[in-house]
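Student: This is what each chain is made of:
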Amino acid sequence: MTLDVLSSIKGATASKVVADLFEVIKKGHVEGDTNVAHYNAVEIDDLRPDEVVESTEAERNLIINNFPKEKNGFLVVPKVVEE
Amino acid sequence: MASVIERLHQQLVSKEISCEALVQQKLDALNASEYNGSNIVLDQYALDLAKKVDTKIANGETIGLLEGIPFGVKDVYLLQGTYSSASSDFLKQYNSPYTATAIQKLLDAGAIPVAKENCDSFGHGSSTENTVFGPTKNALDINKVAGGSSGGSAVNVAKDFTAFSIGGDTGGSIRQPAGYNAIYGLKPTYGKISRFGLMAYASSTDCVGPIAKELDDIRIVLNTMAGKDVKDQTTFASDAISDQATSSVLPKGTKIGYYKNFIETEALDPKMKQQFKDMLAKLEAEGMEIVPLDFFDADILVATYYALAMAETASNLARLDGTNYGVREEGENLKEGYSITRSENFTAETQRRIVGGNQVLSQGHSEEIYNKAQALRAQISHHFDEDFKEVAIVLSPVTPSPVPNIGDIMDDPMKMYLSDAYTVGFSLGGLPTLTAPLALETGLQITAAKRNEEILFTSANFLKQVL
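The listed protein sequences correspond, in order, to chains V and L.
Sequential numbering from 1 applies to the first sequence in the numbering used here.
Sequential numbering from 1 applies to the second sequence in the numbering used here.
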């Protein structure tokens, strides 16, 4: 898949400065313990309750008002075309 | 105790000034400012809160230390009912549906937000030039950059437009602008303050932190915002930092480390190199044990950080497609619409990071670049673990170079990325790091082991006395 499709940005191409950063990483030397799983990990017995929390009316109204397009009381989504 | 918050609190309690007058002073200064540090000044919002504080004082009620204190908020935090733009065209009209946990804790303590502050768009930058609101100017020299990405927050504090401000630090975005404007800025241990309601840049290193003129104010605000939050599962419970921490000094013989390769390099400005060496000599004369340490090359730190940060921001910003909020541009079909929307409403630097991130994560690259960068990050973290078994703190410059002029680094992305060379490593390690306006032109970084913020305050107090 091309970068413009991956990024949903028109005409997106690889930049030299990013390629230069990648070259540094490729040359980097890795040894020893490289396990990152425990950094920022969450304990399984410390998860929040799996329950629905109602948002406030003010929050719901702001979310609706942030919707980009509205017509006759309906929120308008972009037209989906099957390809 | 040297504290702007404490001084203003006393003025309010003694009725030397009303809260409304205090807030109005700050609003006037923000509105008249030529530094371009604020995207939105919260005039009515702040005055309404100030009136409530004045009513309490008039009724003889006790007010808390933060009650009525005006503060600034980097424009990447949600504050319900106010615009949160991330300094982007994309979200210029985005009205926050809820309030970030860290900001809510300050509101609960009675502090009053007076401005949403200019920053690099979505945190993507080191100078607060990558913003659709125009560059923020340095508080000490208007021809120079404010630093970034929390540049507006640092400048507003330095100019006394806010008593303190809340920045965000992913790879140095609090520490570097604090250094550029000669004030304090703290990136706490990753997870000490909830990220809920902070627009995500790179979620694995994003940190909320205070910027202030006085060390005690950093401590007060940190204590208010810290703590476990069920809305951010990476947070942890922590004890408050006592005021003893900012009045104590380091005992003689304390082992203070520094990274040799950060100093013995031609990349470090010669004057700053000398200033750093002079500082080490003074500390040695004070009876401290100076320990030179080996560390990774700066180019490895920068490349590792940017590869991972770009990958994470590409994923985080994928949600911005104009469907549910923000700007929506119409196209021939759904994908075309997404593409036009994102192309026209992200800045060039944000696009570069998204595209770079998608490269990192794409087939072929993910093994060679992303997984390797993660392995390097693990090594860096292990290295820190070992270093802090040997030393109490590590001192380092905040940046390798003096503050650049406006316009000098925006056209040279690699120069911009390399300006983060001394901050990104500590971000990858999730370590607490404080910028103090000491010793070097762009400040001094004090770093400690994870969850050991207390020693940062004691060290900064000690260094302030001896340098």
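It is worth saying that the hints were derived from the structure and are not from the lab.
Beta carbons: idealized from backbone N, C-alpha and C, even for Gly.
Please note that a few of the clues may not be correct.
What the hints assert, rightly or not - Stretch-level coverage of chain L by chain V, calculated; a stretch enters the list once three of its residues show a Cβ under 8 Å from a Cβ in chain V:
hint : stretch
1    : 363–370
2    : 389–401
What the hints assert, rightly or not - Listed below are the simulated DSS-like cross-link pairs for lysine-lysine, each with C-alpha atoms no more than 30 Å apart in a straight line:
hint : chain 1 : residue 1 : chain 2 : residue 2
3    : L       : LYS282    : L       : LYS271
4    : V       : LYS79     : L       : LYS335
5    : L       : LYS92     : V       : LYS79
6    : L       : LYS335    : V       : LYS27
Student: Take the hints in turn and mark each one as holding or not.
Tutor: How the hints compare with the structure:
1. 363–370: holds (count 3)
2. 389–401: violated (count 0)
3. LYS282(L) - LYS271(L): The hint holds at about 17 Å.
4. LYS79(V) - LYS335(L): holds, 10 Å
5. LYS92(L) - LYS79(V): Within the cut-off at roughly 24 Å; holds.
6. LYS335(L) - LYS27(V): Given pair LYS335(L), LYS27(V) is violated - Cα atoms ~37 Å apart, limit 30 Å.
Of the numbered hints given earlier, the model fails hints 2, 6; all others are met.
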